[in-house]
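Undergrad: Here the numbering used here is used: position 221 in the sequence shown is 221, and no number is missing along the way.
Quick caveat, the hints were computed from the structure, so don't treat them as lab data.
Predicted, not measured: the structure shown is a model, and the values here were computed from it.
Incorrect hints may have been included.
Said to hold, decoys possible - Distance condition first, Cα-Cα at most 25 Å in a straight line; then the derived DSS-like pairs of lysine-lysine: (1) Lys241 - Lys300; (2) Lys263 - Lys284; (3) Lys263 - Lys151; (4) Lys300 - Lys151; (5) Lys364 - Lys76; (6) Lys263 - Lys300; (7) Lys241 - Lys151; (8) Lys361 - Lys76; (9) Lys265 - Lys151; (10) Lys268 - Lys241; (11) Lys92 - Lys57; (12) Lys265 - Lys300.
Said to hold, decoys possible - Simulated restraints on C-beta separations: (13) Gln69 - Leu365: 27 to 35 Å; (14) Phe308 - Leu365: 37 to 45 Å; (15) Pro287 - Phe44: 45 to 53 Å; (16) Ser348 - Lys76: 46 to 54 Å; (17) Lys241 - Ala351: 26 to 34 Å; (18) Val147 - Asn27: 29 to 37 Å; (19) Leu365 - Gln255: 48 to 56 Å; (20) Glu319 - Phe44: 41 to 49 Å; (21) Asp324 - His70: 47 to 55 Å; (22) Lys92 - Ile49: 34 to 42 Å; (23) Gln259 - Gln360: 48 to 56 Å; (24) Leu61 - Lys92: 38 to 46 Å; (25) Gln360 - Ile237: 37 to 45 Å.
Ideal placement from N, C-alpha and C gives every residue a C-beta, glycine not left out.
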Amino acid sequence: MLKFGTSVFHAHVHQWACQLQYNPRLNEGWGMSDGEGLERIWSFLSPLISQLRYSTKNHRLSALDLRSQHHNEHGKISAIRLLYERGQHIQKINQEACDTLQQVEQRSGHTLVYLKGQWERQRQQQLQAMDNGTETEMMKQVEDLVVLEDKLFEAQQEMQELQRTRRRTHTVEQGIQIEQLPNTLISLESKIDQLIGELGSDYFRNLTPNTTYSQAKALIKLKITKSKLYEAKVGVIEMQKRWDARGSGTRLQAQFRRQMSGKMKHLKNKWASYNHRANDYNTKFTPEIYLPTPTLDEVKAYQMDHAFWSIGLLDHPHEPWAADTDTQQGIQAYLLLTHTEDELRRISREARQAVEWAIQKGQKLQLVYQVFQIATPQSNLPQQRTSNYYFAVNYKAASEDPLPNADVLALSLCYTTGMESEVDES
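Please put together the full structure from these sequences, using the hints given.
TA: Here it is in structure tokens:
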């Protein structure tokens, strides 16, 4: 369980490259799991927080135990229906993936074997980049450079907005900002020049071979800027989940609203920074495949597994898996196909286990009922037989034994027989 929790944490918090190691949708054996199982259990138990805040430890444990039992019992009752609905949904996704693969093959001739090879090549190359310790250390310096340049860009935008407003309408704080911004710009520019001098031109060319110095530098900065945009998007999604959670009061809702406003502002700034760099790169270098420049609304609507978040086009611009749209679409469909097949196998296995459990349960209850019928064949007390039967049902519901316990059944018979004797004597 701890390993699974760590996987979820890395898949949603770290950069896109980390998903290759930890995202359930990009690794074998997870089916169509989204890694949110623990989150769903927590969402089911979270309404107890406010109720148990001032309770004792034993009361809290009892409440958690009762609610967990209710969760499990509800799952047992709805298990077959949920499996059926889940299977129908997965079959629909599986068919859509097959249709996409057929369309890709008709357009580009990319077979399933080719797409599988491209996915393995993408995974291998991106994991190799993650394992390079020297490159990782140097990338931290480039990240500092990008952060400084983003601050410089935001300061320039802020200064332009202040200059557009009339002086008469300036507040005291805006007047102080206008006085301090030039010094801030000069300080940021000097720090940027110092970092560029420390890195040197050879570093950028080594990270992105077959490119010029200026193009390599632009690609590396774009890679980090896009990673920052990805992290900002993750922050918005996590904040939205907390906001949508049940059981939060008016005060928490107001706090979430303020926090979401800050997250959305941060996302907008990172989007503006990425779009500014991407447009400059497309205009200056005119690559064969232009870098995507989505609108802010489109970025807000993108899911975390959308192809836009991949940094392959910045790391390996000449690889088909990074540059060819049909190959990217085919890889996504191939992953969906393999994961839906895994999920359907899991569903069929759980359905067989559920049916087997139900058959065995019915056989055991029937055996218990037959034992009581044989033990009291001439009884004129139908109520006794009914009592014995319901005793057996309740016993089997609470018992984990594979077969009825003969001692308990005998004790039940003696108990009811004793009651009958007392009735006869009276």
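Undergrad: Taking the hints in turn, state whether each one holds.
TA: Taking the hints in turn, this is what the structure says about them:
1. Lys241 - Lys300: holds, 15 Å
2. Lys263 - Lys284: Violated. Lys263 to Lys284 sits at ~32 Å, over the 25 Å cutoff.
3. Lys263 - Lys151: holds, 17 Å
4. Lys300 - Lys151: holds, 22 Å
5. Lys364 - Lys76: holds, 18 Å
6. Lys263 - Lys300: Roughly 12 Å between the alpha carbons, so the hint for Lys263 and Lys300 holds.
7. Lys241 - Lys151: violated, 29 Å
8. Lys361 - Lys76: holds, 13 Å
9. Lys265 - Lys151: holds, 14 Å
10. Lys268 - Lys241: holds, 19 Å
11. Lys92 - Lys57: Given that 25 Å is the threshold and the Cα spacing comes to 47 Å, the pair is violated.
12. Lys265 - Lys300: holds, 12 Å
13. Gln69 - Leu365: 27 to 35 Å: violated, 21 Å
14. Phe308 - Leu365: 37 to 45 Å: For Phe308 and Leu365 the Cβ distance comes to about 56 Å; the hint is violated.
15. Pro287 - Phe44: 45 to 53 Å: holds, 49 Å
16. Ser348 - Lys76: 46 to 54 Å: At roughly 19 Å between Cβ atoms, Lys76 and Ser348 fall outside 46 to 54 Å, so the hint is violated.
17. Lys241 - Ala351: 26 to 34 Å: At roughly 31 Å between Cβ atoms, Ala351 and Lys241 fall inside 26 to 34 Å, so the hint holds.
18. Val147 - Asn27: 29 to 37 Å: holds, 31 Å
19. Leu365 - Gln255: 48 to 56 Å: Distance hint for Leu365, Gln255 holds at roughly 53 Å.
20. Glu319 - Phe44: 41 to 49 Å: Holds: the Cβ-Cβ distance is about 44 Å, inside 41 to 49 Å.
21. Asp324 - His70: 47 to 55 Å: holds, 51 Å
22. Lys92 - Ile49: 34 to 42 Å: holds, 37 Å
23. Gln259 - Gln360: 48 to 56 Å: With Cβ atoms ~52 Å apart, the hint holds.
24. Leu61 - Lys92: 38 to 46 Å: holds, 42 Å
25. Gln360 - Ile237: 37 to 45 Å: holds, 44 Å
When each numbered hint is compared with the structure, violations occur for hints 2, 7, 11, 13, 14, 16.
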